[in-house]
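Chains as they are written, first to last, in the numbering used here: chain A, 161 to 542; chain B, 98 to 175.
No wet-lab data here; the hints were simulated from the structure.
Note that the Cβ used here is the ideal one computed from N, Cα and C, for glycine as well.
Any given hint could turn out to be false.
To be verified - Pairwise CB distance ranges, derived in the manner of DEER restraints: (1) B:F135 to A:S379: 23 to 31 Å; (2) A:W171 to B:F169: 50 to 58 Å; (3) B:P130 to A:R241: 33 to 41 Å.
What follows is each chain in one-letter form.
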Amino acid sequence: MIYLDNAVTSWPKPPEVLKAMTDVLERVGGNPGRSGHRLSIAAARVIYDTREEIARFFGISDPLRVIFTGNATHAINLALRGILKPGDHVVTSSMEHNAVMRPLRRLEKLGIRLSIVPCASDGSIEVRDLEKAMNSTTRLVVINHASNVVGTLLPITEIASIAHQSGALLLVDAAQTAGAFPIDVRAVGINLLVFTGHKELQGPPGIGGLIIDDNVDISQIEPLICGGTGSRSDSEEQPDDLPDKFESGTANLAGIAGLGAGLKWITDKGVDEIRDHMKKLSQALIDGLSTLPKVRIYGTLDPERSVAIISFTVAGKHISDIGLRLDEEYGVLSRVGLHCAPAAHKTIGSFPEGTVRLAPGVFTTMSDIQEAIQAISKVVRS
Amino acid sequence: MTQYGVVLFHTTSSVIRAEKLLIKDGYSIKLIPTPRQFSSDCGIALRFDWNQCEMVKSVLDETKVEFDSIHFHDTKRI
Chain A
161 MIYLDNAVTS WPKPPEVLKA MTDVLERVGG NPGRSGHRLS IAAARVIYDT
211 REEIARFFGI SDPLRVIFTG NATHAINLAL RGILKPGDHV VTSSMEHNAV
261 MRPLRRLEKL GIRLSIVPCA SDGSIEVRDL EKAMNSTTRL VVINHASNVV
311 GTLLPITEIA SIAHQSGALL LVDAAQTAGA FPIDVRAVGI NLLVFTGHKE
361 LQGPPGIGGL IIDDNVDISQ IEPLICGGTG SRSDSEEQPD DLPDKFESGT
411 ANLAGIAGLG AGLKWITDKG VDEIRDHMKK LSQALIDGLS TLPKVRIYGT
461 LDPERSVAII SFTVAGKHIS DIGLRLDEEY GVLSRVGLHC APAAHKTIGS
511 FPEGTVRLAP GVFTTMSDIQ EAIQAISKVV RS
Chain B
98 MTQYGVVLFH TTSSVIRAEK LLIKDGYSIK LIPTPRQFSS DCGIALRFDW
148 NQCEMVKSVL DETKVEFDSI HFHDTKRI
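Chain A on its own, in the form it takes in the complex:
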């Protein structure tokens, strides 16, 4: 079997991740911050250590500004619904996932004003267009770091400076890049970074987070969920302390332990090395697919300007048939359809049919890619 669906969730996971998860449930197991006994304290240490590792990994100094959430969607909702008020203006791109689009469309009904900057058919953005969309009431720019449909990287450093010139905050959805591409929150000028644990950070599903940079005033963000935090238990009011203000309810201890182990695994391997490996796989996929008849590849076709996500269609064939045959006949696992990103597919010209998406991962080898290309070649020709 060749798993080329790492953009939806990475698989397999490093053995260290599985071990960290079973170890923490077997040996630690307490509920952090709720009780004062050794298992509760041990759980709190695991969570704090992971918070610290994440802060270091993304280049922020205060680990308490790493907020754990259930996934990237949860983190995006926390930021958008927590910050935006009726009358606020938001700028985003036409390449966003529904994790961004749907909460924004919902908020639009509640009175926020939305500008969607059209991107080019390869998924890239003209920063001048984004600059033109800004105005004095723009509160937030929300942008993906790389498209989940075609992998195209967006110039977040330039976008950060445009956002800041207008006095707006920048929220970056790094679901497809965290762990696969180096990200330094401070150096880029990101105010809010959303990551997910279960993709390139090699952790399990069910854990993600929001990183809030030092220069964001926490009092301006409303919590999405209120409840027990183990802190200030004498009060019926939600505390203002970080990270508790945004982290009510029992934490996903096993998920956080797994994420911590994934992060360590990536750090030991080196994000730059991982990036190099992924670029080679990407290039091989593009080269292989380019030789096939009737195949149209979407995106920049340039591994330097994208992460390893390749979308294609075949003239005269349904993507669902291709996906099914690749799975059943050749054991090549892809994801076909709209990838929860109708706006992105409209932008690249593949709506409403969608594309076949191939997303290699860190464990994918060059021979996996060659084998997958042979399988696709047979499916395309018959």
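For this one, chain A is given, so just place chain B on it according to the hints.
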């Protein structure tokens, strides 16, 4: 008999942060359930040797760990 002090915090994260910093600096400390006579803010408090009170406080101040208050507490042994 050792005389102890306790540092009270608002959040678990701050307790763990303080613990890591103080252990790194070689202090003999222990996390304990917050003595009920002091506060109900956070379930865990940090117990230390009362003789080191000033030094513990200066570590917390220098590293900007948020804490609620420091109290004398001599009822329990490590």
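Going down the list of hints, with the structure as the test:
At about 28 Å, the beta-carbon gap between F135 of chain B and S379 of chain A stays in the expected band of 23 to 31 Å. In this structure, W171 of chain A and F169 of chain B meet the distance hint of 50 to 58 Å, their C-beta atoms being roughly 55 Å apart. A C-beta distance of roughly 36 Å is found between P130 of chain B and R241 of chain A, which places it inside the suggested range of 33 to 41 Å.
Hint compliance for this structure: no hint is broken.
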